[in-house]
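Student: On the provided structure of chain L, position chains X and Y as indicated by the hints.
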Amino acid sequence: MEHYNVKIDAFEGPLDLLLHLINRLEIDIYDIPVAEITEQYLLYIHTMQVLQLDVASEYLVMAATLLAIKSKMLLPKHEEDLLDDELGLGHEEDTMEELVERLVEYRKYKEAAVDFKEMEKERGLMFTKPPSDLSDYAKDIQPEKTELNVSLYDMLGAFQKLLRRQKLQKPLSTKIARQEIPIETRMAEILDDLRQFKVRKSFYDLFPVLDRENIVVTFLAVLELIKRHDIFIEQEGNFSEIYVSAMEGGEEY
Amino acid sequence: MQWKGEKSINIINWKGIVESLLFAAGDEGLTLKQMALVLEVEELQAEEIIHELMEDYRNDAMRGITVIELAGTFQLATKKENSAYLKRLVVTPQASTLSQAALETLAIIAYKQPITRAEIEEIRGVKTERPIHTLMAKALIKEVGRADGSGRAYLYGTTKEFLDYFGLKKIEELPPLPEKIEDDYQQDDADLFFGRFQETMDS
Amino acid sequence: MQWKGEKSINIINWKGIVESLLFAAGDEGLTLKQMALVLEVEELQAEEIIHELMEDYRNDAMRGITVIELAGTFQLATKKENSAYLKRLVVTPQASTLSQAALETLAIIAYKQPITRAEIEEIRGVKTERPIHTLMAKALIKEVGRADGSGRAYLYGTTKEFLDYFGLKKIEELPPLPEKIEDDYQQDDADLFFGRFQETMDS
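Chains as they are written, first to last, in the working numbering: chain L, 2 to 254; chain X, 8 to 210; chain Y, 8 to 210.
Take the hints with a grain of salt, since some may be wrong.
[Claimed, not checked] Listed below are several chain X residues computed to face chain L (Cβ distance under 10 Å; list not exhaustive): (1) G33; (2) A84; (3) L96; (4) A108; (5) Y118; (6) Q120; (7) P121; (8) R124; (9) V133; (10) I148; (11) G174; (12) E179; (13) L181.
[As the list claims (entries may be wrong)] Over the 12 Å line for every Cβ pair with chain Y, so calculated as not near, a few chain X residues: (14) L46; (15) K119; (16) D155.
[Said to hold, decoys possible] Simulated pairs of lysine-lysine, PhoX-like, Cα-Cα distance not exceeding 25 Å: (17) X/K87 to X/K22; (18) L/K122 to X/K87; (19) X/K40 to X/K134; (20) Y/K40 to X/K87; (21) Y/K22 to X/K87; (22) Y/K40 to X/K94; (23) Y/K119 to X/K40; (24) L/K109 to X/K22; (25) X/K119 to L/K118; (26) X/K94 to L/K109; (27) Y/K119 to Y/K40; (28) X/K40 to L/K118; (29) X/K134 to L/K118; (30) Y/K94 to X/K40; (31) Y/K86 to X/K22; (32) Y/K22 to X/K22; (33) X/K176 to L/K199; (34) X/K40 to Y/K22; (35) X/K177 to L/K118; (36) X/K94 to Y/K22; (37) X/K22 to X/K134; (38) L/K109 to X/K40; (39) Y/K119 to X/K22; (40) L/K202 to L/K228.
Just so you know, these hints were derived from the structure itself, not from any lab.
Idealized CB from N, CA, C, for every residue including glycine.
Just chain L, with the same shape it has in the complex (with noise of 0.2 Å):
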């Protein structure tokens, strides 16, 4: 038995990763078409499992959600099922509804996200001094023993406060940028390797270095190269072998 864990960070979860579906294939939210989107997010998981990512339980549900709604609607259906329809009450289309009203439920917070980001970043560019130290103002001052009246929030808050304080930076700093391969170096690789061997090749065996680095990158490459027709992806059924071949007369990088 795996262990699922909740570890995706760049996609929020599955409703999040619908939404990317459908913005990137540009289907109207309110009329999704279930075969291709639940095969696209199939697709999906499977790419992650592939590369031995980690795939969070709420992603399967999800998955078998989409192919349970899939399935009864390729159904012959039944003659109650027939009735329910005319008066607009399949159960299929209910779970459909519920999921398009998830999915818009939550874009909205999706995109307050992006307010807060924003404002986050606003408030970022406005410096401010600490208190100063008026301590010798205090000095014959007895402090009062009167009830207290804070919360440990605020305690916390007067914390993060001092944590946000920018200090003084002496000497000025220089920064080391990180080392990444670069995308288009892999994708001329990927391509001159195929094309040299002419044939059809395992998707896995484009990825002989296994850091992850390295299998990010690749990965990337692969799908830019699917974008630009470059190459080609063929799989006989979900989960089995995924080969990939170059097109002809692709360009040159």
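Tutor: Below, chains X and Y alone, put in the same frame as chain L:
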């Protein structure tokens, strides 16, 4: 500025005094109430003084600092346009910004407070324990009570620190949620129904 | 102000920039050398700017703050004639009964106990005698021992009253600090994968 009944000699430089107070208070800021107490004037008068001071600052484009209102307090801060120079001078130890998960969670809490974790998770479709911990530790949210029902789950709401962090005067200043989507939805819902109805009729 | 050879468009508001820098530098102040470095000008030019700024402040009697020069560093400070009001600011009971200074100090002690006053001051960057005095008087902290070393400074820790007051059973119940949580956020394969993936898709 001068209040009724005060002698015309020895005019008190209220704006200058408030500027001193704001400077000394730093990022702690001052509320109108505190200013009124220290100046021994009414809050309305304190408000008038601070607004005059803010006006002066606004009218002088050469100033490098300005008066801002954050979470119900007034404080002095550097102008945004000088941030490039300030970044060369200072390091902010906790410059790390909030993660996407934390921002989404915070947005839901900000607009729907008070709200339980289960309700947040229902909207996001994923577990939200960790973003909530982060937001609590950063004092951006707090427990504001308990929900009714068997679980008696904690209800979360935003804090004063939240307003400060995002540069807001008060919670009402939040940009409105994009409700337009909702309207589209209503309409499309009807379209969808009629579309399907038609299909069924035609088949 | 404009340097020789510089184009007349895009005149930089040097005085404003220096004012923001001085403001953010606070009590530490800035030397001409630091200013010159940040502005990327010669020290002589920095000196010219700061003197113009000081002149402006001198000419405006309404200001509550001023630029002072102390041992080769320049800093903003409140005007002496307003000190009576600053004193009142300290004396005036705040809306909450603990000041920001006391709350900060309490948080540092709570999370880093046992800790000496010098260590707290290192974190806060200011003298902390008074907040400690206040917290002791309110029985939220106590002396829990002496540090090793020549000074044998007092070590401070929180009290049972502290726990009672904030409704904690034991000190471990304090919400974890953000840095601790951030450590857990070790970027993993999936993060990296999706992060880069989205960058590419969005580009």
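Student: So, for every hint listed, does it hold in this structure?
Tutor: Hint check results:
1. G33: Status holds, d = 4 Å.
2. A84: At about 4 Å, which falls below the 10 Å cut-off, the nearest Cβ of chain L leaves the hint on X/A84 intact, so it holds.
3. L96: Because about 6 Å separates X/L96 from the closest Cβ in chain L, which is inside the 10 Å limit, the hint holds.
4. A108: Holds - the Cβ of X/A108 comes within 10 Å of chain L, reaching about 6 Å at its closest.
5. Y118: holds (7 Å)
6. Q120: The hint is violated - X/Q120 has no Cβ within 10 Å of chain L, the shortest such distance being about 13 Å.
7. P121: This interface hint is violated because 14 Å lies over the 10 Å limit.
8. R124: The hint is violated - X/R124 has no Cβ within 10 Å of chain L, the shortest such distance being about 14 Å.
9. V133: Result: holds, 3 Å to nearest chain L Cβ.
10. I148: This hint holds: X/I148 lies near chain L, its Cβ roughly 9 Å from the closest one there, short of 10 Å.
11. G174: holds (4 Å)
12. E179: violated (14 Å)
13. L181: X/L181 check passes; min Cβ-Cβ to chain L is 8 Å, inside 10 Å.
14. L46: violated (7 Å)
15. K119: Holds, since 22 Å exceeds 12 Å.
16. D155: holds (21 Å)
17. X/K87 to X/K22: holds (23 Å)
18. L/K122 to X/K87: holds (11 Å)
19. X/K40 to X/K134: violated (42 Å)
20. Y/K40 to X/K87: Answer holds: Y/K40 to X/K87 is near 24 Å, not above 25 Å.
21. Y/K22 to X/K87: holds (15 Å)
22. Y/K40 to X/K94: holds (17 Å)
23. Y/K119 to X/K40: Violated, at roughly 34 Å.
24. L/K109 to X/K22: Given that 25 Å is the threshold and the Cα spacing comes to 44 Å, the pair is violated.
25. X/K119 to L/K118: holds (18 Å)
26. X/K94 to L/K109: Distance of about 33 Å is beyond 25 Å: violated.
27. Y/K119 to Y/K40: Between Y/K119 and Y/K40 the Cα gap is close to 36 Å, so the pair fails against 25 Å, i.e. violated.
28. X/K40 to L/K118: It is violated: about 32 Å lies between the C-alpha atoms, which goes past 25 Å.
29. X/K134 to L/K118: holds (21 Å)
30. Y/K94 to X/K40: holds (17 Å)
31. Y/K86 to X/K22: holds (12 Å)
32. Y/K22 to X/K22: holds (22 Å)
33. X/K176 to L/K199: violated (65 Å)
34. X/K40 to Y/K22: violated (33 Å)
35. X/K177 to L/K118: Roughly 18 Å separates the two Cα atoms, so the pair holds.
36. X/K94 to Y/K22: Judged against 25 Å, a Cα distance of about 17 Å means the pair holds.
37. X/K22 to X/K134: With Cα atoms ~51 Å apart, X/K22 and X/K134 exceed 25 Å; violated.
38. L/K109 to X/K40: violated (37 Å)
39. Y/K119 to X/K22: It is violated: about 41 Å lies between the C-alpha atoms, which goes past 25 Å.
40. L/K202 to L/K228: Roughly 18 Å between the alpha carbons, so the hint for L/K202 and L/K228 holds.
Hint compliance for this structure: hints 6, 7, 8, 12, 14, 19, 23, 24, 26, 27, 28, 33, 34, 37, 38 and 39 are not met, and every other hint is.
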